[in-house]
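K.L.:
Residues per chain are reported as follows:
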Amino acid sequence: MRFYEYESRRIVERAGIPVTKYGFCTSAEEARKAAEEIGGSTVIKSQVLTGGRMKAGGVKFADTPEEAEAHAAEILELEISGHMPVGVLVDPKAEVEQEYYAAVLWDGRAKRPMMLFSDMGGIDIEQVAEEHPDHVGRRHLSNLHPISGFEAKQAVANCGMTGRELGQATRVLTALAQLQRDNDMTLAEINPLARLADGSFVALDAHMEMEDEAVGRHKRMLQEIGVDLDEPRELYEPSDFERNVKAIDSADHRGVIQGKDHGFTGNLGLVIGAGGGSLTLTDAVRSQGGQPANYAEIGGNPSVTKSKGLAMEVLKKDGVEKIAVMMSIVSNTRVDIVARGVIAACLELGKDPAETIAIFRIPGAWEEEGYKILDKYGVEYADRGTSMWDAAGTAVEKIQGGAV
Amino acid sequence: MAQAEQLEGIFIDVDVSDEIVGDPELASKLEEVCPVDIYANDDGKVAVVRENLDECVLCNLCVEAAPPGGVVVKKLYDGSALRR
Amino acid sequence: MSVLLHEDFTFIVQGITGREAVNLTRECLDYGSKIVGGVTPGRKGREVHGVPVFDTVEQAVEHHGSPPDGAVATVPPAFTKDAVFEAIENGIKLIVIVTERIPRRDVAEMVELASERGARIIGPNCLGVIAPGVAKMGGIGGPAKDARKAYEPGRVGVMSRSGGMTTEISSSLTAAGLGVSTAVSIGGDAIIGSTYAELMPLFEADEQTDAIVIYTEPGGRMEAELVDWREENGSRLAIIAFMAGKFMDDEEMQGMSFGHAGTIVEGAEDSATQKIARLQEAGIPVVERIDEIPGAVKDKLGAKV
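Protein chains in written order, with the working numbering: chain A, 1 to 404; chain B, 1 to 84; chain C, 1 to 305.
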């Protein structure tokens, strides 16, 4: 789950990390009031989930509340990479003495969270790590043992910091590590963490991402910071196809189906599975010159209704001429049930299964029964003796052969 | 090919013999054993829920629950049937 | 002597009364696996396909006389960590976690505890392990007769991030007369109990295994880890790789998530193209088609003579 910047600020604040006296505003009027309260110069920032705000004109500086209001009015109407803002953040323009970088993220290879700290904040941390490795401190955390302050202290000290700043940075990094653990964050980043003229440390920007799998156990916290759990947070707007397939999947607990078509514009519909099989088959179709209309995943043991539902949605897509129904060898997906589903989809749409299904290649459980059904409707099928690659190739050949 | 709103019973059909269709105990039993809700107890009579026919998983539980010949599950795609 | 499993291997099934577990128990028993107990809290006294059910792992251990060699955990994600902790703390050394959608933190905790106690985890989000002709632990290969069809005993070890593809690959090796020594469905999550590199020493020590096939996808750094392991330790085993999801390298696909939770591309380093290059540079051929795997294995084995 991705968070808007203002939500990340709230999360970080709750964890005891100092933040600026910011205001989250949904109107230009509110922005003016917030700027008045803050006093002095402010920064107005678009609240969208995508990056590139600065470049798109979504971040502006204001010297007066009136300017803040004007900028807010503009930014609230500014679309960035297809996203409209949900509001603006009004931040005091800080008098920064130094910028730091603090993050806690997963190291998959170590299978542990890792603290990352640098006294060269505000810029690309990967660049800093490469060009100034002495200015980057890191330390892995145990998953089981309580987090202790010395761990963050070591990470901070390892990038060369000492004096009063060492203690302050340590407190922030420790709180960040605790936050990451307590809230199942896949990313907990503060960049920059700023030291102000008065010596205080403040998070000028925060970027949090919570693992989707864990959202269910943080509902109260999410509600408290104002997250609408029903609102989807994709980087892009789901298509009708994707939404429809999701609805069909939710309506029936038997088996799992998934469909994606963002970036796919072809004429060959794919009714494929399972996870690894879908990836392999999509590659196989494209490598042989085919143009998939979509990606899909069939998993578990879907009902006829569910299989039919996926096939129908694929067939209803603009430009889809034929479908290829293919999976890796299945153990608990019933071949005959899927066969019924895809044939029923064709029939209900007034299409001839033999013409519409370019190839059916699902070896495995109840395959003999499946073949009987496919024989009855004249659908071309292949058993495990035909590789996934060749099955995909047959589908591509058929659709490109200008079949009727 | 004729276009239809929703096709039912294109792969599977079931025959429930006249002798048993009015048996309320059997109606309840069939409703209970079928994992895909093909049977319903309709006021003491065995009712077939046609919209679920094609979900039949060929488990044979209905055939076994009924007396011999009472329920026949027909596979329309190859002409064979499950019966006892 | 197989990798992980052996003829006398005993295991329990945690969550045995669940729908998937009941199925999997039947399949494994039919395959000849020795399931010596099951655990579902509150259901002590029941039986699943003749396997006694207990409330606690402790009771199952007592019944068996000593800790069984393994456990298959099919418990829902909110309870998996507790179940796996219970297995580990009762002396079980090999745990196959079938459950998917477990929060990463829980997985990391389980893996760390296993490491502290000298236990090993396979998965989560996996189909388990099979040593053809010996034993099956998990749903891998499906019903016994299907599993026997796809998995003939042989010389090739298989490690795959996809359960289904483990069987597809093994089937092609079987059809080519090569067969499989042990196949491991290692799981599709971002953090898993046993990576390729972590399992390599086991295959290395197995005189039945001459070659390894890995199935992989974009996301994560397991390939780099494997290459590093091989460089540091040397290996007598030929390794062939297959990478799926190459289409994800396309511009339009960036940032999308496909397949397993772990397959979210995070920067160029983890892209399919980069991984393929790294593997090939290290002398690990990456074939384009699954059906090219047996030929590639034979080439490598032939070359060693």
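A portion of the hints provided could be inaccurate.
[Claimed, not checked] Computed list of lysine-lysine pairs in DSBU-like fashion (alpha-carbon distance at most 30 Å, straight line):
hint, chain 1, residue 1, chain 2, residue 2
1, A, K351, B, K74
2, A, K376, B, K75
3, A, K351, A, K317
4, C, K34, A, K376
5, B, K29, A, K316
6, B, K74, A, K372
7, B, K75, C, K145
8, B, K45, A, K322
9, A, K376, A, K322
10, C, K145, B, K74
11, C, K149, C, K44
12, C, K145, A, K376
13, B, K74, A, K376
What the hints contain is simulated information worked out from the structure, not anything from laboratory work.
K.L.:
Now tell me, hint by hint, if it's right for this structure.
P.N.:
A quick look at each hint next to the structure:
no.	hint	verdict
1	A/K351 / B/K74	holds, 25 Å
2	A/K376 / B/K75	holds, 11 Å
3	A/K351 / A/K317	holds, 14 Å
4	C/K34 / A/K376	violated, 42 Å
5	B/K29 / A/K316	violated, 40 Å
6	B/K74 / A/K372	holds, 14 Å
7	B/K75 / C/K145	holds, 24 Å
8	B/K45 / A/K322	violated, 44 Å
9	A/K376 / A/K322	holds, 19 Å
10	C/K145 / B/K74	holds, 27 Å
11	C/K149 / C/K44	violated, 36 Å
12	C/K145 / A/K376	holds, 27 Å
13	B/K74 / A/K376	holds, 15 Å
Violation of the numbered hints given earlier is confined to hints 4, 5, 8, 11; the remaining hints are satisfied by the structure.
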